[in-house]
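Heads up: the sequence lines are chains A and B, in that order.
Residue numbering for the first sequence follows the numbering used here, starting at 1 and increasing by one per position.
Residue numbering for the second sequence follows the numbering used here, starting at 1 and increasing by one per position.
Hints listed in this document are in silico derivations from the structure and should not be mistaken for laboratory results.
Among the hints, a few may not be true.
[As the list claims (entries may be wrong)] Cβ-to-Cβ under 10 angstroms is the rule here; a few derived chain B residues that face chain A:
1. Y70
2. L74
3. F106
4. I118
[As the list claims (entries may be wrong)] Each computed DSBU-like pair below joins lysine-lysine, with the alpha-carbon atoms no more than 30 angstroms apart:
5. B:K54 with B:K217
6. B:K179 with A:K161
7. B:K217 with A:K161
Even for Gly, the Cβ is constructed at its ideal location relative to N, Cα and C.
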Amino acid sequence: MSYRPLPLILRYAVLVVGMLFILVPMYVTITVALKTPAESAQHFFSLPSRLYLGNFEEVIREKRFFTYLTNSVYITCVSVLLMLIVIPMAAFAISRNYHKRHYRLLYALILSSIFVPFQTIMLPIFRHLFNLHLLNQHGLILMHLMLALSEGVFLCVGFLKNIPLELDEAAKIDGCGIGQLFVRIIYPLMRPIIVTLLILNALWVWNDFLLPLVVLNRHPDYWTLPLFIYNFKSEYSFDYNLAFAGFFITMLPIILLYGFLQRHIIAGLTEGAFK
Amino acid sequence: MRPGLGYFLFFTPALVLFLIFFVIPLGMGVYYSMTNWNGYSLTYQFVGLDNYVKILQDSRFMKATGFTLYYTVLVVVLRLAIALVLALLLNGNFAFRSLIRSVYFFPAVLSMITVGLIFNEIYYAVVPSIGKALGIEALSKNILGNAQTAIYGIVFTNVWQGVAVPMVIFLAGLTSVPKDLLEAATIDGASPMQRFFSVTLPFLIPVLMVNAVLAIKGGLTVFDYIVALTDGGPGRATESMGYLIYRQGMQENKFGYATAESIYVFGLILIISLIQIRLLSRKEAGQL
Numbered sequence: 001m002s003y004r005p006l007p008l009i010l011r012y013a014v015l016v017v018g019m020l021f022i023l024v025p026m027y028v029t030i031t032v033a034l035k036t037p038a039e040s041a042q043h044f045f046s047l048p049s050r051l052y053l054g055n056f057e058e059v060i061r062e063k064r065f066f067t068y069l070t071n072s073v074y075i076t077c078v079s080v081l082l083m084l085i086v087i088p089m090a091a092f093a094i095s096r097n098y099h100k101r102h103y104r105l106l107y108a109l110i111l112s113s114i115f116v117p118f119q120t121i122m123l124p125i126f127r128h129l130f131n132l133h134l135l136n137q138h139g140l141i142l143m144h145l146m147l148a149l150s151e152g153v154f155l156c157v158g159f160l161k162n163i164p165l166e167l168d169e170a171a172k173i174d175g176c177g178i179g180q181l182f183v184r185i186i187y188p189l190m191r192p193i194i195v196t197l198l199i200l201n202a203l204w205v206w207n208d209f210l211l212p213l214v215v216l217n218r219h220p221d222y223w224t225l226p227l228f229i230y231n232f233k234s235e236y237s238f239d240y241n242l243a244f245a246g247f248f249i250t251m252l253p254i255i256l257l258y259g260f261l262q263r264h265i266i267a268g269l270t271e272g273a274f275k
Numbered sequence: 001m002r003p004g005l006g007y008f009l010f011f012t013p014a015l016v017l018f019l020i021f022f023v024i025p026l027g028m029g030v031y032y033s034m035t036n037w038n039g040y041s042l043t044y045q046f047v048g049l050d051n052y053v054k055i056l057q058d059s060r061f062m063k064a065t066g067f068t069l070y071y072t073v074l075v076v077v078l079r080l081a082i083a084l085v086l087a088l089l090l091n092g093n094f095a096f097r098s099l100i101r102s103v104y105f106f107p108a109v110l111s112m113i114t115v116g117l118i119f120n121e122i123y124y125a126v127v128p129s130i131g132k133a134l135g136i137e138a139l140s141k142n143i144l145g146n147a148q149t150a151i152y153g154i155v156f157t158n159v160w161q162g163v164a165v166p167m168v169i170f171l172a173g174l175t176s177v178p179k180d181l182l183e184a185a186t187i188d189g190a191s192p193m194q195r196f197f198s199v200t201l202p203f204l205i206p207v208l209m210v211n212a213v214l215a216i217k218g219g220l221t222v223f224d225y226i227v228a229l230t231d232g233g234p235g236r237a238t239e240s241m242g243y244l245i246y247r248q249g250m251q252e253n254k255f256g257y258a259t260a261e262s263i264y265v266f267g268l269i270l271i272i273s274l275i276q277i278r279l280l281s282r283k284e285a286g287q288l
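Chain B with its partners taken away, still in its complex shape (with noise of 0.2 angstroms):
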């Protein structure tokens, strides 16, 4: 048997999997978004780009959008921060680090879906219950009944989750920090922040950028929080991309629609990964 073969009989299973369950889907994709198929009806009609355009003027898209990258903005600032912060704090030998680095690592895994739904019900009962005995106003309404507030309710329940990857990357990362550097630093009379900026930040860059890679593609496609906590509500105050294309995909019977939606949203991200890409290669030159 000719080696080449033999190499190309291991890629194949990948390559048939990848052909059948990711490209044919997106060739379908692309066409049901130009049809008006409501997703179980016998007949549909091809309307060309009909659904793109009238994307462009839903103002229910547009306001989905706009929250999506609200929330990712303060999503990945947030889970990013507070990530760094205890991965510094957790750096170093000190007693019960590896027990403490447990509980702060235990809630990455549990499922989006269960933990949502513990703080719809944490949000619903409990924090009403506390901020009535205490007598603070803000604490005793359920904080996702209102549209202006009920974002950050699932922000929080969000970052409560999603600190902990990001902080098992940096401390991954810290490990790379040369300790003669910031002994050196500190011989030379470098104060803790300047060593922090100076000395450590600049190693920190490469799983930063992961973690900014990570962190964004989950908020841009937040969906189990949605489902679990608001169910895009009140109102549609609530609604994210991911969440409006499920929603009008397979329960709205606008299938078709909806298609177009998530090729949208495909181009954002796109657009938004490019971008990252571009930063990272660049500040990757600027170190090397």
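Just chain A, with the same shape it has in the complex (with noise of 0.2 angstroms):
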């Protein structure tokens, strides 16, 4: 049924004007990126005259490109696999223990980090770290593993409460120990917010600035992507073409992944956490 509330072409109006709010940022970034410096000062929205590639040649070459798209390639796989991994396992324990009451109390314990934002904790994360010589690409995934932790469990704890618990006793009486009933059962049914996990997560821990920044900056040899782009800053100063040529291949990679991935990425999103 439709819903009608709008004649189909006002619809289609209003879709367009918000598309091209989101649509000309992008655009001038490309333009302005394949122009030179000569060329812009002349006209921001003119398409350039010829495809002009100085300026990622640049980024590339001189700026230590592939560095970073490395660094933060490496720690959004590891974090996110292992997110994957003891999330879980968390929520398997808690979910098929939930009647008894330290394990609900130790769930709780969990939960309520969800109130402590991150910049409370940051300050002494800097100075624990430290101490404990992990200033580098190791703590930062350890941290993004821990503060993915309380939403992640909530998670898997929602959806494994639809997976009757009848289903453990069968495997049981078929001799099935704990970890095989977890291994070769209840993970290959959890995969709908398996998938949900993986994508906020992947999402997350990639773009993310404010926990690298504490970690990592003093090192620019850890830096990530993010971090490689918020200290260009620095260096292009009034090199718009140098800039935007940054910004746009800081954000190719993620942009050819979401060509391909979109509508897993749209639905993923939702599809295991309302189900």
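Join the two chains into one complex using the hints; note that each chain is given alone, in its own frame.
Given below as structure tokens:
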């Protein structure tokens, strides 16, 4: 059934205007990145007269773009992989022992950290990781893992409530241990919520700025892409073309990924959590 | 092996992480908040609640709190209102729907710092050049250069990027509205407005709450956009609480003091969260 609060034409008109708002900044980014300084000085909005790749060349060659790209990929992959192991395991233990008081207590404890804003533990974490010699990628990965816990465990426990305990009983009667039960039966059934966790956290870790700023900013070798683009600011200063080339190339990996997987990304974000 | 132990082993990695990287830092934070440590020297004094008392008289912190609250109200209202309208427009079947939805969701996959830096350049160079070409006085200056208007430049950037996620959550919520109810309302002669307020909206309350919680949290802890767009300026007009804590703790050698500020922020967020939970449970009780 169609909604028809507005005639279709009006609906398209509003949606197209909204899309222009989203696309114009992207259009400016791409076109300015492809122009020489002289050309963009004349007009910002014109298409580039020819494809000038000098700006990109400079970002890639002189600014060590690939080092930061590799760092970002490594940190995102390892963080998310660990999350997809640790979080479902914890949620499994909680949901299967929900009748026991101390598990409910531990669950409440982990959930309570949702109320603590990151800024409240940010400064002590800087000191703590310094003491532990973890002001590096591994410290960052462990922190991402910790910060993903409460939300992830909450989503997974909610999901596991819909997987009946009778299933566990049947598997145990058939001689399944807890490990096998989890690996062979429960984990595969958790697929929708795992996909949600994967997308949610991959986007967060990939784009995170404040935590890497606190943990990694003193070591340029460890920078992720968001840190690179932030520190790039002092280098391009008034060279817009170089600046926009930096912005564009930093966004390029996620733009490509989104181009191929947009349907899965949008659906996956909500599917596990709302079913 | 006892099954109880087996389950506990499943829980152990999460628990160890939680204790080492959350409970201990939180305890350290409470301790540092009662010292005058600058963040690097070898010695410092325990000053009890001095920092907490000083903060209450600190006009810079109060200004940052006021800024953050005003900013949060603007961003939450705009994000949710625009997201809801878009979700309603995108609901149902029509040509190019999934393409349009993909375009609208696109800003959500970008990093806030990059988006902030892009808009910084746009406000600095692109908008004024349009303003001058069209002869519009208001657009010909950098909106971020003025202490009165800078906040709106940040809000616009945040809304540009922040509409996407609540929109998708509203769209998911809209699938829970029973179609036969809407049809029945149409047959009974309800106008589109009446249908929205009496049929659709009640089903959207849960997702509305989820969106409100997420948006409020995002507003109260805003940091990336401030760093990218204004660095707290001009003057100190756009310092948010999160930005102030970072600035004072990491750059102005007031580690202990900034930690105490961060604990006030925790208190503020806790109060707001408890109010939200209260409202949420009352709404749910009213529904069922």
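Hint by hint, which ones does this structure get wrong, listed from lowest number up?
1, 2
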